[in-house]
Amino acid sequence: MNAIASWFTDPMQFQFFRHALGAVLIMGLLCGALGTFVVLRGWSFFGDALTHAVFPGVVVAQIVGGSFFAGGLVAGLLTSLAIGVVARSRRVTADTAIGVLFVGAFSLGVFLLSRTVSYRQDLSAFLFGQVLGVSTADLVVSTIMGTLVIGITLAIFKELKLAAFDPVSAAAMGYPVFALDLLLLGLLTVTIVVALKTVGNILVLAMIVTPAATARLYAERLSSMMLFAAALGAIEGVLGLFLAAHLDVPPGSTIVLLATAVFLAGLGLSPRGGLPAYLRQRRASAAERPDA
Amino acid sequence: MSQSLPAVEIVDLTVAYGERVALRRLSLTLPPAAFVSVIGPNGSGKSTMLRAVAGMVRARHGGVRIFGQSVQRARGRIAYVPQREEVHWEFPVTVQEVAEMGRYSRAGWLRPLSHPDHAAALDALRQVGLADRAGEQIVNLSGGQQQRVFIGRALARQAGLLLLDEPLNGVDAASQDQVIHLLQRQVGQGATVVMATHDLEMAGHVSTHLVFLNEGRLVAFGPPVEALTAETLRRTYGGQLLFHEALVTHRPVDVGAAHHERHR
Ligand SMILES: Nc1ncnc2c1ncn2[C@@H]1O[C@H](COP(=O)(O)OP(=O)(O)OP(=O)(O)O)[C@@H](O)[C@H]1O
Ligand SMILES: [Mg+2]
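Chains as they are written, first to last, in this note's numbering: chain A, 3 to 294; chain B, 3 to 266.
Simulated from the structure, these hints should not be mistaken for lab results.
Among the hints, erroneous ones may be present.
Unchecked claim - Not close to chain B: a few residues of chain A, all C-beta gaps over 10 angstroms, as computed:
| id | residue |
| --- | --- |
| 1 | Leu42 |
| 2 | Leu125 |
| 3 | Gly135 |
| 4 | Val170 |
| 5 | Ser171 |
| 6 | Tyr177 |
| 7 | Ser226 |
What the hints assert, rightly or not - Derived Cβ-Cβ restraints for the label pairs, each shown as a range:
| id | chain 1 | residue 1 | chain 2 | residue 2 | range |
| --- | --- | --- | --- | --- | --- |
| 8 | B | Glu21 | A | Gly176 | 36 to 46 angstroms |
| 9 | A | Asn4 | B | Asp134 | 29 to 39 angstroms |
| 10 | A | Val102 | B | Arg187 | 47 to 57 angstroms |
| 11 | A | Val102 | B | Arg60 | 28 to 38 angstroms |
| 12 | A | Ser226 | B | Gln191 | 50 to 60 angstroms |
| 13 | A | Met14 | B | Gly172 | 53 to 63 angstroms |
| 14 | A | Gly176 | B | Gly64 | 13 to 23 angstroms |
| 15 | B | His120 | A | Ser126 | 28 to 38 angstroms |
| 16 | B | Gly172 | A | Ile154 | 36 to 46 angstroms |
| 17 | B | His183 | A | Gly176 | 22 to 32 angstroms |
| 18 | A | Ala181 | B | Arg108 | 16 to 26 angstroms |
| 19 | B | Ala121 | A | Ser226 | 42 to 52 angstroms |
| 20 | B | Gln191 | A | Ile146 | 18 to 28 angstroms |
We put the CB at the ideal spot given by N, CA and C, even for glycine.
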């Protein structure tokens with residue numbers, strides 16, 4: 003009992019760990035909540051594009067000594083606008099255009115970063131996150147942005163639901179479907195920028211997609227899926243952080259590994275897709291064939 | 003007063019997607035309490051006509067008036083049931099939630115639905131015979147039941163004009179009858195139904211008016227007895243539709259009556 007308690011309390015005596023805990027919690031909640039829309043709308047590719055496109059913005063901010071968040075937001079919002087416009091056109095080349103753009107943007111980020119002195123160290127921080135280096139100011143900004151994202155999402159929840167489920171009827175009812183899509187991409191951008199500090203560029207997409215995909219296996223309503231995904235993201239983030247502290251491994255990848263393991267377990271146990279369904283099916287087909 | 007106003011008035015309407023003209027100088031007036039079927043080959047502009055009536059595509063020329071008002075102003079009186087492929091059926095929503103969507107614009111932005119909204123949605127589901135499935139996920143329903151839920155959503159919206167894009171597609175014959183029956187009941191209560199369909203036979207039997215389109219042009223418009231001629235079909239389908247021509251020329255009178263009986 004005492005051992006379990008101290009497993010949780012021991013790392014907590016360090017301020018940097020407490021900061022990391024806060025950052026991971028916000029990251030998990032946000033990624034899970036917004037990831038719900040990403041998973042349901044099949045926007046993983048957009049999410050991937052956004053995470054990469056945010057990169058040069060963050061680098062420029064670093065070089066000119068500006069805010070990490072501001073740099074990422076400007077680059078990300080410009081990109082989400084571009085994605086929105088490109089995705090709207092019915093041309094088959096939309097994917098390609100987005101792909102070309104974001105890989106280019108990412109390379110630009112690497113190029114810019116390579117001109118700085120602390121290239122290697124910074125690059126790894128950008129790519130894999132630096133959750134143990136979260137400052138009080140970072141935490142404050144993350145909390146404000148996180149509250150804003152969740153607040154807006156909840157405020158227009160029913161409209162987002164309608165536009166995602168049945169966009170044509172939403173348009174017929176007079177809802178600005180395109181503007182809602184852009185807004186959602188914008189909220190996703192903010193989420194990505196907040197998460198970047200914690201899990202880094204490479205892993206952020208996993209935190210957006212994986213908890214939501216796990217929740218998708220069980221939820222029957224958008225609201226319950228979102229709650230479940232947010233809770234999963236937060237719990238996986240926190241547990242992953244503790245695990246990483248005790249095992250002395252990088253937190254970002256530990257969190258993502260944990261989330262992936264939970265997803266696989268969830269897939270196996272899911273009433274719809276997993277083992278139970280398989281067993282049900284086998285039993286049913288066995289019953290059909292008396293000779294079996 | 004609004005009784006005498008036409009439900010839909012399309013005047014010299016031209017709609018284009020970029021270069022491609024989808025409707026050319028279409029003019030039509032649909033009276034209230036009409037059951038209108040829009041017929042034409044693929045790409046003839048059926049969906050575009052419905053979208054234009056719902057105000058989803060901009061007119062390049064001409065315009066649409068609904069119950070004597072602009073589409074913007076009449077929006078609350080229009081309900082739209084999209085083509086099946088345009089809905090994300092796998093989305094995690096319950097039947098009740100879908101019906102409630104008919105109340106969204108009434109509630110307005112930033113406001114949750116009120117108790118009467120929930121009640122209206124459930125009542126609408128009762129009318130389409132699916133109240134007992136209210137808590138189920140929409141994806142678990144059959145195609146015909148899903149269409150009935152969408153009609154329920156239109157009822158919850160209390161719309162006087164129902165626009166349906168191929169509501170009978172992918173729905174088996176028995177369920178088609180149920181859907182048609184529901185729509186006829188709405189027409190009986192004064193609503194106007196405009197439905198795009200490929201089912202010429204069904205349309206001929208159940209509609210008060212037929213609209214024939216070909217390449218965005220109006221080929222014929224009127225009650226089935228007037229509009230449904232071999233000449234119309236030749237001009238709509240380009241003369242390859244021998245089977246349907248046979249359907250017109252050899253149509254025994256009593257078949258129509260029998261079919262109609264089935265939908266009562
Ligand atoms: N969003 C769009 N962008 C560009 N062209 C379009 C768009 N929607 C329809 N079109 C074109 O407009 C024309 C009319 O299309 P519409 O969808 O109205 O036909 P339809 O009669 O509903 O066909 P179907 O029976 O296949 O549903 C077609 O040539 C189609 O290719
Ligand atoms: Mg169509």
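Hint check:
With a closest Cβ-Cβ approach of about 6 angstroms to chain B, A:Leu42 is found to fall inside the 10 angstroms limit, against its non-interface label. Interface exclusion of A:Leu125 from chain B stands, the closest Cβ pair being 39 angstroms apart, more than 10 angstroms. For A:Gly135, the shortest C-beta to C-beta distance to chain B comes to about 38 angstroms, beyond the 10 angstroms cut-off, and the non-interface label holds. Not every Cβ of chain B is farther than 10 angstroms from the Cβ of A:Val170; the closest lies at roughly 4 angstroms, contradicting the non-interface assignment.
The claim that A:Ser171 is not at the interface with chain B is violated, since a C-beta of that chain comes within 10 angstroms of its own (minimum 5 angstroms). For A:Tyr177, the shortest C-beta to C-beta distance to chain B comes to about 8 angstroms, within the 10 angstroms cut-off, and the non-interface label is violated. A:Ser226, annotated as away from the interface, has a beta carbon of chain B within 10 angstroms; the closest lies near 8 angstroms. The given range of 36 to 46 angstroms is broken by B:Glu21 and A:Gly176, whose C-beta atoms sit roughly 28 angstroms from each other.
Under the hint 29 to 39 angstroms, the C-beta atoms of A:Asn4 and B:Asp134, about 54 angstroms apart, miss the expected range. For the pair A:Val102 and B:Arg187, the supplied restraint of 47 to 57 angstroms holds, since their beta-carbon distance comes to about 54 angstroms. At roughly 31 angstroms, the beta carbons of A:Val102 and B:Arg60 sit within the given window of 28 to 38 angstroms. One distance hint, 50 to 60 angstroms for the beta-carbon pair A:Ser226 and B:Gln191, is violated here, with the actual separation near 36 angstroms.
At roughly 58 angstroms, the beta carbons of A:Met14 and B:Gly172 sit within the given window of 53 to 63 angstroms. The hint said 13 to 23 angstroms for the Cβ distance between A:Gly176 and B:Gly64, and at roughly 21 angstroms that hint holds. The hinted window of 28 to 38 angstroms between B:His120 and A:Ser126 is violated, with their beta carbons roughly 53 angstroms apart. Separated by about 37 angstroms at the C-beta atoms, B:Gly172 and A:Ile154 satisfy the suggested range of 36 to 46 angstroms.
Against the hinted window of 22 to 32 angstroms, the Cβ-Cβ separation of B:His183 and A:Gly176 comes to about 30 angstroms, which satisfies the hint. The hinted window of 16 to 26 angstroms between A:Ala181 and B:Arg108 holds, with their beta carbons roughly 21 angstroms apart. For the hinted restraint 42 to 52 angstroms between B:Ala121 and A:Ser226, the CB-CB distance of approximately 22 angstroms leaves it violated. For the pair B:Gln191 and A:Ile146, the supplied restraint of 18 to 28 angstroms is violated, since their beta-carbon distance comes to about 52 angstroms.
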